[in-house]
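Number of protein chains: 2
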Amino acid sequence: MTMSNAALPTFEIGLNALAAILNKAEAHAKAKKIDPAVLLNTRLFPDMFALARQVQIACDQAKNGSARLAGVDPPRYEDNETTLLELQTRIAKTLAFVKTLDASKIDASGEREITFPLGPKKGQMRGWDYLIHFVLPNFYFHLATSYDILRHCGVEIGKQDFLGAIPIKIT
Amino acid sequence: MTMSNAALPTFEIGLNALAAILNKAEAHAKAKKIDPAVLLNTRLFPDMFALARQVQIACDQAKNGSARLAGVDPPRYEDNETTLLELQTRIAKTLAFVKTLDASKIDASGEREITFPLGPKKGQMRGWDYLIHFVLPNFYFHLATSYDILRHCGVEIGKQDFLGAIPIKIT
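Here the protein sequences come in this chain order: F and H.
So in numbering that gives the first Met the number 0, spot 22 of the first sequence is number 21, and the numbers just go up one at a time.
So in numbering that gives the first Met the number 0, spot 101 of the second sequence is number 100, and the numbers just go up one at a time.
Just chain F, same shape as in the assembly (with noise of 0.2 Å):
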């Protein structure tokens, strides 16, 4: 029950399992005969994010997020991504990122302020505060939005891509 311990886990199970469901719809969309491009392309309205963006979005809290709570500046990345390769790319460079930040670094950040661009503005929040009121509902709500455009795509996906590999025993 550590800061890194709420963070570190979840971003890699869900990123993982944002790749697995971008692999879904990639042999969705061979089967159906339709350009990937469309997926990416595709979003819930018009002055909503596609899906290429809400993957980068969700890569980028993972990133960022841990970044500033182990007090390291985040690598800034290009968001150029235009195939569901490339977005395969991003989401494991991600990983192999937040698995370099020292977890005893977030753990000691609970009580630190941290400051964060906010459109123009600036977002101040305590470190367990950001974690858990504003990382994690940012990360979880691209991740679920990716999942929803492409359950709206007829991708045929259901609730268990999108927990990914948690630590359940079912019987």
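No lab work stands behind these hints, which were simulated from the structure alone.
If you're wondering where the values come from, they're calculated on a predicted model, not measured in any experiment.
Treat the hints with caution; some may be incorrect.
Any copy will do: because identical chains look the same in the list, a pair fits if it lies in one copy or spans two.
PhoX-like, lysine-lysine: derived pairs with alpha carbons at most 25 Å apart [claimed, not checked]:
hint, residue 1, residue 2
1, 121, 158
2, 120, 168
3, 120, 92
4, 32, 104
5, 158, 23
6, 29, 158
7, 31, 158
8, 121, 104
9, 121, 168
10, 92, 23
11, 158, 120
12, 168, 104
13, 32, 120
14, 168, 32
15, 104, 92
16, 158, 168
17, 29, 121
Add chain H to chain F, keeping to what the hints say.
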């Protein structure tokens, strides 16, 4: 940084945000002369749950998750809501129930095995894993999907509505 601190404020902020989002949906329906029942019955794909069920399940994740961690049998709700007002009552009832729970019992549940129904089967997880890798992702999934359905219907809500009254200072 306790279990109850990861659970209780999250449910309170999230459910209050959901209630406010449903209020905006009601105002939207009134302004556009849409029968609110249409919103409640909207789903993103034929075999996904409609809005009303998404709201019920978001409530149940908060109710059942926090009750099981506190070692209390969760009350069963009827799932018979058919109006926005009834869904608001469901949310209020859930918030009131969550407030009755003993936070110290939840704090002591990190290592305890939690057994919970999972369709026709049973799931078993350590308390901490149950909260972080099952209850919270499911809670946010149904919150985000409720939001996505309403955005898809044209209701004018934004990320701030989804996050709700989080402890943030914006400068």
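So, going through the hints one by one against the coordinates:
no., hint, in the structure
1, 121 with 158, "between (35 Å within a copy, 16 Å between copies)"
2, 120 with 168, "between (44 Å within a copy, 10 Å between copies)"
3, 120 with 92, "neither (28 Å within a copy, 36 Å between copies)"
4, 32 with 104, "neither (48 Å within a copy, 54 Å between copies)"
5, 158 with 23, "within (14 Å within a copy, 28 Å between copies)"
6, 29 with 158, "within (22 Å within a copy, 33 Å between copies)"
7, 31 with 158, "within (22 Å within a copy, 33 Å between copies)"
8, 121 with 104, "within (23 Å within a copy, 37 Å between copies)"
9, 121 with 168, "between (42 Å within a copy, 8 Å between copies)"
10, 92 with 23, "within (20 Å within a copy, 39 Å between copies)"
11, 158 with 120, "between (35 Å within a copy, 15 Å between copies)"
12, 168 with 104, "between (31 Å within a copy, 23 Å between copies)"
13, 32 with 120, "neither (44 Å within a copy, 37 Å between copies)"
14, 168 with 32, "neither (38 Å within a copy, 48 Å between copies)"
15, 104 with 92, "within (21 Å within a copy, 40 Å between copies)"
16, 158 with 168, "within (16 Å within a copy, 34 Å between copies)"
17, 29 with 121, "neither (43 Å within a copy, 36 Å between copies)"
Checked against the numbered hints given earlier, this structure breaks hints 3, 4, 13, 14, 17; the rest are met.
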